[in-house]
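Engineer: If you want the building blocks of each chain, they are given just below.
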Amino acid sequence: MQALTDRSKMVDRKPMTFVERLYLWNIIKGMRITFAHLFRKKVTVKFPEQKRAFSPVFRGLHILNRDEEGRERCTACGLCAVSCPAEAITMEGAERKPGEEHLYREEKYAAKYEINMLRCIFCGFCEEACPKDAIYLTETFAPANYKREGFIYGKDDLLIPDPKTGK
Amino acid sequence: MIMQIAFDYIFLIDKIVLIACVLALSLLVAMYSTWGERKVAGWIQDRYGPNRAGPLGLLQPLADGGKLFFKEEIIPANSNRFLFILGPSLAMLVACMTSAVIPWGDILEIGGRKISLQIAEVNIGVLYIFGVVSLGVYGIMLGGWASNNKFSLLAAVRGASQIISYELAMGLSLIALVMLSGSLNLKDIVEQQRHGLWNICYQPLGFLIFLVCAFAECTRTPFDLTEADSELNGGYHLEYSSMKLGFYLFAEYINMFISSALMASLYFGGYSFPGMDSLGLSTNVVTMLGFGALFIKIIAFLFLFMWVRWTIPRFRYDQLMKLGWNMLIPLALFNMLITGGLILWQQGH
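If you read the sequences in order, they're chains D and C. Just so it is clear: in the first sequence, position 18 is 18 by the UniProt record's numbering, and no numbers are missing. Just so it is clear: in the second sequence, position 96 is 96 by the UniProt record's numbering, and no numbers are missing.
Hints in this document: simulated from the structure, not taken from any laboratory. Being a predicted model, the structure only gives us computed values, none of them experimental. Heads up, the beta-carbon is just placed ideally off N, CA and C, and yes, glycines get one too. Some hints could be false.
What follows is a list of derived Cβ distance ranges for each label pair [claimed, not checked]: (1) Gly-54(C) / Met-10(D): 48 to 58 Å; (2) Gln-45(C) / Thr-138(D): 15 to 25 Å; (3) Ile-338(C) / Leu-24(D): 12 to 22 Å; (4) Leu-103(D) / Phe-69(C): 29 to 39 Å.
If we strip away everything but chain C, and leave its shape as in the complex, we get (with noise of 0.2 Å):
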């Protein structure tokens, strides 16, 4: 029984690492992101991109950083103090919650117990993330709307519309591969594509689709209707200052991380790598090497992210719903068709 107990210690006390380290992780990857963001638009644009804080410029997220501590807070008169507030808070909060099911790397083994670097091996994963990407949605409509202003509250329904109309299509490539899979636990899928190919080869049109989807529901340039500093001044959150506007750009940044480890891990085979198995190395040490196969992945990822949003202009509002409705929704049905009648046929129906 005192055993029992304290094995039950043991494993919190591992969740809880484990938890504070991805935090930890997905901040800093945040941080040094706006810091690659600006280099690569800098070198797109002929420039350097900061260079002046610490070598490299590599200090510029920090005194980004305490610049944004130290501004003066302000809330509008006529505003919703509560949801001013809450708006903010929550695009932070499901920014950082969706990577509690996204698989890091496979088992590590301390001291003869195996620790999972999977914060919860929840068997529905897919629609976990799912859920809580939705809820995302309503930091961008709370703080548009409770800012009281018309350009934040125009921001605000075209973010919410556009969110959902690209979840449809988003679920439905999904669906393509979860059929494929049998599966919605991540770490499954991940396990799947370690001991065969990656499901980009199965799923190309599914993959399209879904990276079309993640930029929209990042809202990343082409999509970046919410923002749309030419026309709505910096859109939802065009009210806010200090540490609070800093919480939307880095949610922002943390959900481009997340979406980058959520399609590495779907469709380029997550912490696997080829020839894996048969490196003949202690687990620990492949287990190591796979997560930095997955940051590599990652990495790639946000370096695309920020390729094409110094690559092409912003879609017009119509041709955003447009290509939403009428062509990624049809698209991703044909797509489900497909891979529902390749599976059939293969099983000799």
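Isolated chain D (complex conformation) (with noise of 0.2 Å):
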């Protein structure tokens, strides 16, 4: 019969030998690699003092973005709550008054944007579906709370640090 891989192997049915019988020999030659194993490097990343460089298209926790001026970017268009597989955004868009110029960059803003992170597959569609790079997704995981509801990140969870006043 033609083997199906070049991997296959006939396996051995000769009666074993003496010193295989023995056992004894066997034992030594697997405690020996075992030994040998003592002084290997470890393969153990020690989490929370060392951390494992991510890969560059990483998808962890999302992020809001403002402009250099310190102004939210997002416009409220819901395009990524339309590309989001898991139904994971809601938000509730807002028109700026007058006044307000520095801090919403048009007329129109998210007066209220959450995602439920247990819904969110961090697939990456929303920012790929948002014209105005208003949204990101980060190298920040494995978010923890006490309870369900505080999985649902609102806009100050999401929203970034103010560039110029750094708040």
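Each chain sits in its own coordinate frame; assemble them with the hints.
Structural biologist: What follows is the structure, encoded as structure tokens:
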């Protein structure tokens, strides 16, 4: 019969030799291998102290971006919510009042913007859909909370600090 | 008369202090064996092992012990309550009792009195150990049976037959040693090795048989069929929780410690080390050095126990029985025959 792969190997069914039947020699061989492993380099990454570098395309928790002057970029167009396959994003738009130009970049802004992190699948479609470069996925990950409500991130959780004032 | 009574009190205090020290030592070593085991397991698997609790994870045994103390005690509804509690108590008691006849060192001289670092210098030390160790099987049997659980019962049956089978080969391999030394007193056996060669040179085969049997008696891998996590869910201590489980686990490590001490004493010269009598130091210093030597030997054996555990898998039950009855017992008998023959030949018969 022809072998299906070039890796197939005949099973050795020869009766065991005396040394093999003694079993002791094989134990010693095995113990030599494990002893060598005692001194190998450990593969463990000691997590909280050491962190592994993420790949460049890593997708973690979201942020809402501001422009250079510290104004919110989001215009509540809803494209991110439409593109979201998990339906995790909800928002409410509002009109910018006179005198709020230093807060919002365009005439319309998101009065409420919520992402349910328990629904989110971190696909990054919102980031791709956004025409205003307002939403980004960061390298922050593994959020923790005592209640499910805590995983619904609002604007105060998502907005990055103002680059000018720093808060 | 009064002097006589006072002397006896001091003797009593000596022994009580010694017993307390040996007990504390066995418990401490057992505690840190659990740490050592996990470290060795980690290293062999290219991991670090416990390293969070304290420096190098050294507080891990305390954390584990504390956890076990505060866990809920569960006694199964249909179990035999008395036997259920008796099981782990017996296991622990027996494990602690064995250390009584092991010579931990030579003689300490304090205030002109000579104190032997052996709790009970009985002339049937080896027999005593055998008697006590074979009681150990009751811990497993009672625990497994009283749990009223088929897995535990299976483990108990396995454990009982395993320990009894391997005790035979162990005893036979020791008979050859006793023929050689002419004494059942452990102190005598060690003293003979102090002035001559270690017994391992005379009894390599006997030592090998004894070592394999010691693994089986301690129910350590590759003979851990009583625990057999993968098939019996933990075996005889399946229904146990809290410190009763802790006692079983602890007893296993104390047993390991004691059998290491026993193997070191019987075959590797116990507290003696080469050049012991030509150091020219005072008795006390030599005794303490001797104790250190014994301790190093014990740690080496403990490491061997762990090393083997993380290297080879468990035997199948029929293989275990075959090895015990068809290999070790005939080999031990053969070893006995050869030893006897050689002794007779040496005596010129």
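Engineer: Within 15 to 25 Å or not, the Cβ separation of Gln-45(C) and Thr-138(D)?
Structural biologist: About 34 Å separates the Cβ atoms of Gln-45(C) and Thr-138(D), which means 15 to 25 Å is violated.
Engineer: Could you say whether the range 48 to 58 Å given as a hint is met by the Cβ separation of Gly-54(C) and Met-10(D)?
Structural biologist: Check passed, 53 Å falls within 48 to 58 Å.
Engineer: Go ahead and decide if the range 29 to 39 Å is satisfied by the Cβ distance of Leu-103(D) to Phe-69(C).
Structural biologist: violated (58 Å)
Engineer: Looking only at beta-carbon atoms, does the pair Ile-338(C), Leu-24(D) fall within the given range of 12 to 22 Å?
Structural biologist: Given about 19 Å between the Cβ atoms, the range holds.
Taken one by one, the earlier hints fail for this structure at numbers 2, 4, listed in ascending order.
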